[in-house]
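Number of protein chains: 2
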Amino acid sequence: MKKFGFKLLATDKKCNARVGKVTTPHGTFETPVFMPVGTQGSVKAMLPRDLKEVGTEILLSNAYHLYIRPGLEVIKKIKGLHRFMGWNGPILTDSGGYQVFSLSKLRSITEEGVKFNSHFDGREIFLTPEKVIEIQEVLGSDIAMIFDECPAATKDKKTVEKAVNITLRWARRAKKHHKLKTQALFGILQGGTFKDLRKESLERTREIGFDGYALGGLSVGEPKEEMIEVLDEILPLMPEDKPRYLMGVGIPLDFFEAVERGADMFDCVNPTRYGRNGTAFTGDGLVVVRNGKYQKDPRPVQEDCGCYTCRNFSRAYLRHLVNSHEILGAQLITLHNVYFFVNLVKSMREKIREGRMDV
Amino acid sequence: MKKFGFKLLATDKKCNARVGKVTTPHGTFETPVFMPVGTQGSVKAMLPRDLKEVGTEILLSNAYHLYIRPGLEVIKKIKGLHRFMGWNGPILTDSGGYQVFSLSKLRSITEEGVKFNSHFDGREIFLTPEKVIEIQEVLGSDIAMIFDECPAATKDKKTVEKAVNITLRWARRAKKHHKLKTQALFGILQGGTFKDLRKESLERTREIGFDGYALGGLSVGEPKEEMIEVLDEILPLMPEDKPRYLMGVGIPLDFFEAVERGADMFDCVNPTRYGRNGTAFTGDGLVVVRNGKYQKDPRPVQEDCGCYTCRNFSRAYLRHLVNSHEILGAQLITLHNVYFFVNLVKSMREKIREGRMDV
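Chains as they are written, first to last, in my numbering: chain A, 16 to 374; chain B, 16 to 374.
Derived from the structure by calculation, the hints contain no laboratory data.
Ideal Cβ positions, reconstructed from N, Cα and C, are used throughout, including at glycine.
Mixed in with the good hints, there may be bad ones.
[Said to hold, decoys possible] With the C-beta cut set under 10 Å, the calculated list includes, among others, these residues of chain A facing chain B:
| # | residue |
| --- | --- |
| 1 | S57 |
| 2 | G101 |
| 3 | R291 |
| 4 | Q346 |
[As the list claims (entries may be wrong)] Going by beta-carbon spacing under 10 Å, a handful of chain B positions derived as facing chain A:
| # | residue |
| --- | --- |
| 5 | M61 |
| 6 | K91 |
| 7 | P313 |
| 8 | S339 |
| 9 | A345 |
[What the hints assert, rightly or not] The calculated lysine-lysine pairs, modelled on BS3-like cross-linking and capped at a C-alpha distance of 25 Å, are:
| # | chain 1 | residue 1 | chain 2 | residue 2 |
| --- | --- | --- | --- | --- |
| 10 | B | K308 | A | K94 |
| 11 | B | K308 | A | K91 |
| 12 | B | K91 | A | K311 |
| 13 | B | K311 | A | K91 |
| 14 | B | K311 | A | K94 |
| 15 | B | K146 | A | K311 |
| 16 | B | K308 | A | K92 |
| 17 | B | K18 | B | K146 |
| 18 | A | K146 | B | K311 |
| 19 | B | K94 | A | K308 |
| 20 | B | K311 | A | K92 |
| 21 | A | K311 | B | K92 |
| 22 | B | K92 | A | K308 |
| 23 | B | K91 | A | K308 |
Go ahead and model the full structure; you've got the sequences and the hints to work with.
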């Protein structure tokens, strides 16, 4: 079984954009790459074979959600997350740091870990950096993430500094506890929009040494310009020979900004969430399918799109499905959106190779 | 463009079961056949390409629902129902007789037609036998059904007799009004569980002359034995050289009973409705996927099933999806159920050819 690896294949001389190749036990893929999100072990409204067909190369799932439900005993019995989900390609599991802080109200953070009440049934859960590693080892994902503290956007530097420091100590414990040789482990940088804290987080996380580095705690409520300033400052300082993962970002424009500055990996719930709400992403902006002006519109969502939805169905039909509360509406628009995100990011590889990324 | 046709290919000498071949402008298929139901122009939770993949040969949709929403102007603009739905195989459209009587509370039946309030927005609708033909001509389905009066199961012979007679008069008007040469038109027999009324309905409908004949008004609340008595009595009397369609029936056992007695075509919402509720049909009965005993069950829904769901997913995974309210649960179980119904009925053709249908 192949071990995890990353190789830099090309860089765009005019900016910091790069093409890389990631090797995992479940296959290889190039970067920049967009990972559709399957939080609960399902990319909402998409069959795994449709994910493959739209060009998906790696999925994201969530250790925290799967630990809560169905629980590790179930996934152990089915021999791991890949078998459970029916997806034999690479999987990255997020640790749940972000979810613990965004979904659960009652929590107490100690040096040891976080105590909180499950968003699902209210039962008390205690997660430590070690426990979160153990969960991901059972899941058997190709890439595991350390457990971090991810505060909401704030101007209070003390709060952010505290999060940076505890995340660093937890990162050390995670690294030490991680045993599964076929699984890569990524560190997560915190520091909000404070560049000095971001730099410190990067330097000290790098000292611990991980297979890849993620920028966490962005797109959590801060102004877009401040996120871009952080990308400008931190991405060029991140190790060249490891994947750089910008967590939870975002919309198509963000990908251009981030790839130009040297980011490699992305995930976001937008394509699936918007799909279920009847909104399609296109090269010309959003198409709110429910809109009355599409009532008799024979055109596909996007004229030049190669996805199954655009090859076969009119806006008029999709609007009818959404209005009639037919599940098929969510299925078809989600399929288009995931196709759009995956291929938009994929198409940047060619541009980078040809030195056209910042045009 | 091919016209509609029916050819009898084989009969089982030991019973009345028969294999036929139906030709339509959108392709041919053999009978017995099960038609998945796409009431509002969508077989709930299934992409058309998945319908094809599970072996679907003809779909059913509903003229009444599509007339109410999205309306004929929309479907006309998209050039017919096949294009609208992205399904280029045969389509049968039900007239809506059953729906008018089951979905709308305020209705008045006159010789001219039925006045009622739309189940969707309450607006007053007036449907006549001619109007229902015109709707189906715009939809461009391969097989249209006449507009019938379909009463609920009742012991009141007068009510049933009245329905038989008005359905006959409407059938004559429908036949006279129908112009679309590429579209077949089926008559519908009423008569509840009264055999003399059923026979009268058959004889007089046959005099009018249709491309096929349907048994309506069964599986509407009457005891199963009484339905079977009607099948015993009426199916052998129906024209041999035309398809025989048993409307809205039913569950797997019903298909065996009806095919043995000479029925050719079936439709029912059970596979999709049960699928969305997390219940799978199998050769060994229903599997209620949510059941706790499947929590760690690595087996597929049905061990020897060749469908995508059973080839790739465990009961444990499906249960997790249903419990987590993931749309994918409805998609995967629906896919299995439609595969099961379509292929169960399809498999009877071989049995009939080999004279093993009543074993």
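Run the structure past the numbered hints and jot down the numbers of the failing ones, going up.
Result: no hint breaks.
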